[in-house]
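*Asks:* Protein chains in written order, with this note's numbering: chain A, 1 to 333; chain B, 1 to 269.
Among the hints, a few may not be true.
To be verified - Now the stretches of chain B that chain A is said to cover, found in silico as 3 or more residues with beta-carbon under 8 Å:
(1) 43 to 51
(2) 77 to 85
(3) 138 to 145
(4) 166 to 172
(5) 177 to 186
(6) 200 to 209
Calculated from the structure, these hints are not laboratory results. Values in this document were obtained by computation on a predicted structure and should not be read as measured data. Here a beta-carbon is modelled for each residue, glycine too, at the ideal position from N, C-alpha and C.
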Amino acid sequence: MQHDAPPAMPFLDPGATGPPGPGKLMSAREAVGTFGHDGDSVFLGYTTWANALEWEIARQRKKRLTAVGTVGSLLLPLIGCADRIITAYALGALSPWFKRRLAAGEWQLDDYTNQSLALMFMAGALGIPFIPTRSMLGTDFVSPAYHPQPNGVLGADKLRVIASPFGGEPLVALPALRPDVSCVHVQWADEDGNAAFWGGHGEVRWALWASKRIVISAEEIVPRGVLRSDPHRVTVPGFMVDAVVHMPFGALPWAVPGYYGSSPRFQAEFIAGLRGEETFDEQIARWIDGCADHEAFLALFEERYGAGALDAHRVNRAWQPARPITYGWRSAR
Amino acid sequence: MTGDYTLPEMMVVQAAREIAGARAAFVGMGLPMLAAALAKFAHNPALIFSTEVGVGDWHPPLDEVDRAPGTVGDPILDRGAAYAGDMVDALGAWLMGGRFDCAVLTAAEVDRYGNLNTLLIGDPARPDVRLPGTGGNTDAACLARRVVTIISLEPRRFVERVSFLASPGYIDGPGARRRAGLDPQGPNIVVSTMGVFHFDTPDGGDGGTCEMVLAKTFPGIAADAVAALVPWPLRAAREVAECAPPSDDELRLVRHLDPGPMYLRPGRY
Numbered sequence: 001m002q003h004d005a006p007p008a009m010p011f012l013d014p015g016a017t018g019p020p021g022p023g024k025l026m027s028a029r030e031a032v033g034t035f036g037h038d039g040d041s042v043f044l045g046y047t048t049w050a051n052a053l054e055w056e057i058a059r060q061r062k063k064r065l066t067a068v069g070t071v072g073s074l075l076l077p078l079i080g081c082a083d084r085i086i087t088a089y090a091l092g093a094l095s096p097w098f099k100r101r102l103a104a105g106e107w108q109l110d111d112y113t114n115q116s117l118a119l120m121f122m123a124g125a126l127g128i129p130f131i132p133t134r135s136m137l138g139t140d141f142v143s144p145a146y147h148p149q150p151n152g153v154l155g156a157d158k159l160r161v162i163a164s165p166f167g168g169e170p171l172v173a174l175p176a177l178r179p180d181v182s183c184v185h186v187q188w189a190d191e192d193g194n195a196a197f198w199g200g201h202g203e204v205r206w207a208l209w210a211s212k213r214i215v216i217s218a219e220e221i222v223p224r225g226v227l228r229s230d231p232h233r234v235t236v237p238g239f240m241v242d243a244v245v246h247m248p249f250g251a252l253p254w255a256v257p258g259y260y261g262s263s264p265r266f267q268a269e270f271i272a273g274l275r276g277e278e279t280f281d282e283q284i285a286r287w288i289d290g291c292a293d294h295e296a297f298l299a300l301f302e303e304r305y306g307a308g309a310l311d312a313h314r315v316n317r318a319w320q321p322a323r324p325i326t327y328g329w330r331s332a333r
Numbered sequence: 001m002t003g004d005y006t007l008p009e010m011m012v013v014q015a016a017r018e019i020a021g022a023r024a025a026f027v028g029m030g031l032p033m034l035a036a037a038l039a040k041f042a043h044n045p046a047l048i049f050s051t052e053v054g055v056g057d058w059h060p061p062l063d064e065v066d067r068a069p070g071t072v073g074d075p076i077l078d079r080g081a082a083y084a085g086d087m088v089d090a091l092g093a094w095l096m097g098g099r100f101d102c103a104v105l106t107a108a109e110v111d112r113y114g115n116l117n118t119l120l121i122g123d124p125a126r127p128d129v130r131l132p133g134t135g136g137n138t139d140a141a142c143l144a145r146r147v148v149t150i151i152s153l154e155p156r157r158f159v160e161r162v163s164f165l166a167s168p169g170y171i172d173g174p175g176a177r178r179r180a181g182l183d184p185q186g187p188n189i190v191v192s193t194m195g196v197f198h199f200d201t202p203d204g205g206d207g208g209t210c211e212m213v214l215a216k217t218f219p220g221i222a223a224d225a226v227a228a229l230v231p232w233p234l235r236a237a238r239e240v241a242e243c244a245p246p247s248d249d250e251l252r253l254v255r256h257l258d259p260g261p262m263y264l265r266p267g268r269y
């Protein structure tokens, strides 16, 4: 397998490497075991889906989790880890047994919108109790037909229609949301936890910034100082991060800009398999419980889909910034 | 097939024509991706194409683009974009801040007042159909200055009243948007597989009946055939225009942007 050896990208001398720290690199098992607890609210981000970390949570069979994010985890409720979902897009909804268990009240679900969730994370990050929006006015989300939401998570506290304290116009007040732990996959991180994601961020930055604990998985671990040489690239600085896990192909079957595209073939097997009540156990036995860790998954992937199947997802790396920037300054004399 | 193109192809081609005059478009998941890409590459290269994950003004070299974006977060959108930010940027500052003059959306249901449903069908406590959810559809319908909806004309999709009002059009008639605290919006249109609908309001929802009105039909489609698929007494404009069939360029580009095809795979619409 060549999955841990993408084409070389030169590193310039990073210079400043930052203060010495203990380093936060660890295995996924240790990171999830240490920073994920039963009962946690867990954020997974749509544009940078930490698939391998999600699977590790599933392997450890965490209990009573609340899955939060604009895209709601399919795996964590179905495998019995999460019984509450706060989302704008519940991936499991197309599965008949997901719908049935939701209607039976086994799970609670709050439906929000992408904007409202992003703003709720922003409020959580800023340490304010709520944030207003003009979205959802005029909809059934704020009507008695759906508020409080049947089998909802937050009940009446899901939202409130309020009058602006200034002009009196109606607004929707949304509660701040602070995930207990966020699991996010990025392109680069260093051992201090400084993490760089490039591509559309979705709600990821604000969710990370709102989180009490952060676990990052990364395609590459870059030497200390590389990210400090280009701090505008950094999505979350290491001082906010608890653990870093090196996981090449850690988002598969989803895409990572600059690294690989999504895998429709694997999605067709695994995602579709999860949705079917009779195919679910086989998928879990093979991919989750049948693999001790991410390395074992990558090996099984190539065993199942053929040698070179991982590298077949690689993208064109020629598209790079046309001009590097400089961070120069001068001291007045 | 009608001639050498399909009605779903004609729907996307006509939607692209209707979008082409926009300055800055919020482009939602699904058919809007294909139609807005076609609008940009066939009609208006200056169209500002943005999605909710924070990619602003996608403008790749056409010869590098072998397909429309597959999702709102597809990394193809990073190539040639003027900005790559996040949802607070896109759905907060751009959308709620008033920078998008047009949102392009689709839905499971549309009703007489242009309301959209993306959430569930049936009793909210025990729905017959539970859809994944609204994503940014609700945000765009509440906050964009104008909405173009692309949806195939089928009795299950065109309903007198959406079973769940996820995304407001004119809600229940004149003045309803303003009473709910929303700004006026329009001119909204719906592009279907048989024709184009406008809404009877001169001012974005305060005056007129705010009802859907048949404005244009596709080549060879009779107005009566459209009305037969709509469950309420559909009104037609005084003069119902007939849309031009797809040009060779439009047809070539829509097929180029949807290889597979994925968006327009046979049997989907």
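*Asks:* All hints, please: hold or fail.
*Replies:* Here is what the structure says about each hint:
For the region 43 to 51 of chain B, the stated coverage by chain A is not satisfied: 1 residues place a CB nearer than 8 Å to a CB of that chain, which falls below the threshold of 3. Check result for the region 77 to 85 of chain B against chain A: holds, 5 residues qualifying (beta carbon to beta carbon below 8 Å, three or more required). Counting residues of the region 138 to 145 of chain B whose CB lies closer than 8 Å to any CB of chain A gives 4, so the stated coverage by that chain holds, three being the minimum. For the region 166 to 172 of chain B, the proposed coverage by chain A is satisfied: 4 residues have a C-beta within less than 8 Å of a C-beta in that chain, meeting the threshold of three.
For the region 177 to 186 of chain B, the stated coverage by chain A holds: 4 residues have a C-beta nearer than 8 Å to a C-beta of that chain, and at least 3 were required. Beta-carbon proximity to chain A at under 8 Å applies to 0 residues in the region 200 to 209 of chain B; the threshold of 3 is not reached and the given coverage is violated.
Checked against the numbered hints above, the structure violates hints 1, 6; every other hint is satisfied.
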